[in-house]
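A.B. asks: Chains as they are written, first to last, in my numbering: chain A, 8 to 352; chain B, 8 to 352; chain C, 8 to 352; chain D, 8 to 352.
None of these hints come from the bench; they were simulated from the model. Some hints could be false.
Note that the list lumps identical chains together, so a pair holds whenever it fits in one copy or between two copies.
What the hints assert, rightly or not - In the DSSO-like style, the derived pairs of lysine-lysine whose C-alpha atoms are separated by at most 30 angstroms in a straight line are:
id: 1; residue 1: 47; residue 2: 265
id: 2; residue 1: 143; residue 2: 126
id: 3; residue 1: 47; residue 2: 210
id: 4; residue 1: 270; residue 2: 210
There are 4 protein chains.
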Amino acid sequence: MIKAGIIGATGYAGEELVRLITQHPQAELVCLTSQSYAGKDYDEVYSSYSHLSYVCEEEDIEKMADICDVIFLALPHGVASKKINNGILERTRIIDLGADFRLQDIDTYEKWYTTHYSKDILPEAVYGLCEINRDKIKGRRIVANPGCYTTCSILSMYPLVKEGLIDNSSIIIDAKSGATGAGRGLSLANHYCELNESVKAYKIASHRHTPEIEEQLSYAAGEDIVINFTPHLIPMDRGILATCYANLKGKYSYADIKAVYEKYYGRERFIRLTNEGVFPETKWVKGSNFTDIGFAIDERTNRIIVIGALDNLFKGAAGQAVQNMNILFDIAENTGLDYVPIFPA
Amino acid sequence: MIKAGIIGATGYAGEELVRLITQHPQAELVCLTSQSYAGKDYDEVYSSYSHLSYVCEEEDIEKMADICDVIFLALPHGVASKKINNGILERTRIIDLGADFRLQDIDTYEKWYTTHYSKDILPEAVYGLCEINRDKIKGRRIVANPGCYTTCSILSMYPLVKEGLIDNSSIIIDAKSGATGAGRGLSLANHYCELNESVKAYKIASHRHTPEIEEQLSYAAGEDIVINFTPHLIPMDRGILATCYANLKGKYSYADIKAVYEKYYGRERFIRLTNEGVFPETKWVKGSNFTDIGFAIDERTNRIIVIGALDNLFKGAAGQAVQNMNILFDIAENTGLDYVPIFPA
Amino acid sequence: MIKAGIIGATGYAGEELVRLITQHPQAELVCLTSQSYAGKDYDEVYSSYSHLSYVCEEEDIEKMADICDVIFLALPHGVASKKINNGILERTRIIDLGADFRLQDIDTYEKWYTTHYSKDILPEAVYGLCEINRDKIKGRRIVANPGCYTTCSILSMYPLVKEGLIDNSSIIIDAKSGATGAGRGLSLANHYCELNESVKAYKIASHRHTPEIEEQLSYAAGEDIVINFTPHLIPMDRGILATCYANLKGKYSYADIKAVYEKYYGRERFIRLTNEGVFPETKWVKGSNFTDIGFAIDERTNRIIVIGALDNLFKGAAGQAVQNMNILFDIAENTGLDYVPIFPA
Amino acid sequence: MIKAGIIGATGYAGEELVRLITQHPQAELVCLTSQSYAGKDYDEVYSSYSHLSYVCEEEDIEKMADICDVIFLALPHGVASKKINNGILERTRIIDLGADFRLQDIDTYEKWYTTHYSKDILPEAVYGLCEINRDKIKGRRIVANPGCYTTCSILSMYPLVKEGLIDNSSIIIDAKSGATGAGRGLSLANHYCELNESVKAYKIASHRHTPEIEEQLSYAAGEDIVINFTPHLIPMDRGILATCYANLKGKYSYADIKAVYEKYYGRERFIRLTNEGVFPETKWVKGSNFTDIGFAIDERTNRIIVIGALDNLFKGAAGQAVQNMNILFDIAENTGLDYVPIFPA
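Just chain A, with the same shape it has in the complex:
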């Protein structure tokens, strides 16, 4: 059994991780910590756990490094980069659900986020987008688990960029997320009556997942890519839908493009390509590790519209973190993740 610890277990992503590790047949949860609820029973924080006896511990990463084979961090940005050091990495593996180790370009990180405190360790971190970087993840000590919007966006556009089929300067990603993406912290924007029955765009041309998408797509393209990314908040709990636009470089048929997607994703357990004329909807991936991807070509404008959908707490956070754990520990990648989506829910 893999001994797992979770730091920041009381946020929504942390809780989803607690759930998945609890149900994982080859892992056990040996420690979960919470800054806000240290000392409390976990079921005081989430009554869904009243049949279990988890307790929120005070965080002591040094001690955890001794008893855990892997530690998941689910923390606000800027916190993880202060906690991780070589001494810890010598004793345990780190899977960081936050942003601190996702961007290899430190200037970009510090421009969009804050000071980085582990610049020495950063080069060692691998971007844990499993379907793209699987081979690079194996054997690493630290994995940067991708963001929710970014997982959905990159997986949707990667084959097109990698194969050079689109004008890379034309990429626009219009994304829609459920409210769990904003976390459990109180704010007027996430107060029930303020979020319910409305839709809005936010952080227009300024959301921090933008450089993350750009960095990864740039790697794929072999050139710098700058995009527009606009997130929207949807009155629902879970799910991200990314509607991606790009100008095709030439004339391609649906079959041409489908073949490209099949080339990259045809054998992937957790990516499902929809049939022609069918498009992903978030309800069909909820509670699962799937990313569904479909597309249409508009012959009038010669643009391609790619739609990606995933569950932001699952494949967009905790599920992919477990997938990364499975890769790190060399067990079947779908272990503990083979859930059929739950519907209606």
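With chain A fixed as given, assemble chains B, C and D onto it according to the hints.
C.D. replies: What follows is chains B, C and D alone, placed relative to chain A:
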């Protein structure tokens, strides 16, 4: 592996059963049928299954009886009682999620429902409320899986009635259900904009789960009980909350009553009693087989208010059906059912 | 034009009042105050007002008393009773949307709420349930605007109690409210993902609207009435549904009871009685001042089930406050209130 | 009083029109018809009207032309073009909420819709986008009331196109709509549990509002414009948000662009421009005739992102229809439309 078949697999309860059997470690789905979608791939009906290759078959219960160890029926009332006969029961087990075998009193059935076509078989059917009738379920050929409202209502009130603590003529159950309870059939009442952002009572003093609750509570009491049951429709997908009222026969403390509930449910895997001052909410049981139960005593009126909560598609339908299967086949009762509730979802 | 001021204009009830007064043909808003947002433009608090130029002022009730014909208070309990004194009442009228002047029994108030600071003024306050107390409201200087649950509950049960048709000790009110009832203050319980897709009971046997309902029904009955009142939180913005149960004292037909309701409400502009077999739903009253009332008699238990529905921010708060203003200033009671419910919304 | 008739009064847009005309101080509803509910009381269709005595009549447009000053049509496309003829237009005014008279290019209409049956009348119809075509609307006999998505999209982009500030081939409109946009007709897609808690794109590169937007923007540009338009369905009742992207032709500051929007909309009663850094949300326009518009410039890509928001049933349908009526009958344009948005709702 238990070979399972599902008749009526494309309704919401049927689909939940498909999901649970798919993920069950000791059962396999060998046949699923649908009247409306026969011949279609199951993922045309539910895109959540696009990674699997289920096909909706034409129903042929005779053939299914040969290849299935157990057949689940998820059909409108009046249909199952026409399909089941001794020849089938000699070859397979039946777990009926519909109402046809729930009421032992045929007059009551025919008054509230329709003509019953298997009166000879009815006495053999057991009411599959696992926590109450576990021992009676073992070895049976046919199990009547309880209704969603009834499971929640009976489990909430059973200890009080069984122990004679309340005035049985005073029972009022005010229940609230999510929209999945109304099924997938189209109707104006379940059209999005009609159901959203509103709450209503329906079938006041006339809902068919009333006699089902009454029959079971009457068994427990050893006398005929007549109740008021009022269902309400809530703008959410899943969940039932039953708020139950009754006059206490004497003065009891919280601890007195809690001890009674502990006596009946203290060792139950799937019933969780809340602590004093804490009450069940449907979100804490969603996606799980749990029924959460809590109560308060109002000293001013000497009434007890018991709150029960469950997931109507899970413990209220498919989950309990699987639990019944586990009992019938003598495997651990929680096999394939040990899910932590999914939240937020 | 009636010159109106609003103290506490940035809560949900306060904002609804701002909206109704803005659209009122015989009133004008001369001053609105907010403790939290003093000095800010009102459209920074509610962008829906960006076409108007309201500003949140610092509260100065003495000054307001000089310029306002009427001041509405929308404040937490315990605050209004400190602000109101005879000097103010000599200069202006007060309509208090809070609880401080609703209960005439000071002991009850102080038991359920807090210390009362205007005991001398309390006897002068009238309970502003317009349809019941219309004649008493005229000419008063201070009106206690009823609570949302209480308006719905009392109007639903009043004719039965007044006419002595039910066993008054058997009254149970199971009420369901949308989330605006909890206000705009941040709390985990009202965080979007916590409230969405779930239903719960709260303040069981302890909600403060209980004594308010009891006091008014006791007046109607001419004897002390103690009830059970259980509020529930529903994932929707607006609306209250009260499902009320009572044992009938004798055998009554639907027509008998309907005649009684017609006697009391048949000529009321803002109470609509549903036809037999039709029951109120909150969507049919949303955005209006209506209370819809319907009922059924269960002959099996000889109980009556009465269903009442209203919009908690409208008839349950701001609308009734305007109705009280209209009565106080002797203009047509429906002035500025004659809205058809908005649907779907 | 303007005598108004409504054909197709039982759909959501029709009902909103009934509501607005009922509350309009200078219009009265003299006839409302419904194919599905002819002969029924209107409150059997919408219980919100139980205090009024409207009856659904059989449609007889010839007779209506005699008694109505204006007839509103709220019908599926292809129906209106069969009903309207010169004889009718000689006796009454027509405001058509459907698509039949919106496109002046008949080939485009017949390509995207169906055969057109009033080609002779079409040139006389004016596109009733009030803020753009006000002067052309006056004196007309027939007004084509714009679509919901199109009103939002055109108003958002018009100043940029009119002033030639953007590359017209780069326009992408990613729109999000509440479920009322899909109407009251039953379909699995609009069944509560199917639409709730999910988001999807639909009619990608094929929605019929595309050519409508294109035709109007082409008029403004003086050249043919082809765009991408992607509608999405959001789990809420009302509201449209259009997120519009275009490449700026040169370098412009926020102030430059704001000045252009002010030039076109600064004096418009029903268009509200948000301040820098503030963006429209559908909740701030719900229940009102407002279109809120805001924008950001992304200096990294030199794209402008314009966000427009309106209530699809109000400004996107019935409200604009009333606005057109007001223009036609030369009364103040905001008569009967001066509602503050209702919130939370």
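A.B. asks: If a hint holds in the structure, say so; if it does not, say that too.
C.D. replies: Evaluation of the provided hints:
no., hint, result
1, 47 to 265, "between (51 angstroms within a copy, 23 angstroms between copies)"
2, 143 to 126, "within (20 angstroms within a copy, 65 angstroms between copies)"
3, 47 to 210, "between (35 angstroms within a copy, 23 angstroms between copies)"
4, 270 to 210, "between (35 angstroms within a copy, 27 angstroms between copies)"
The structure meets every hint from the earlier list without exception.
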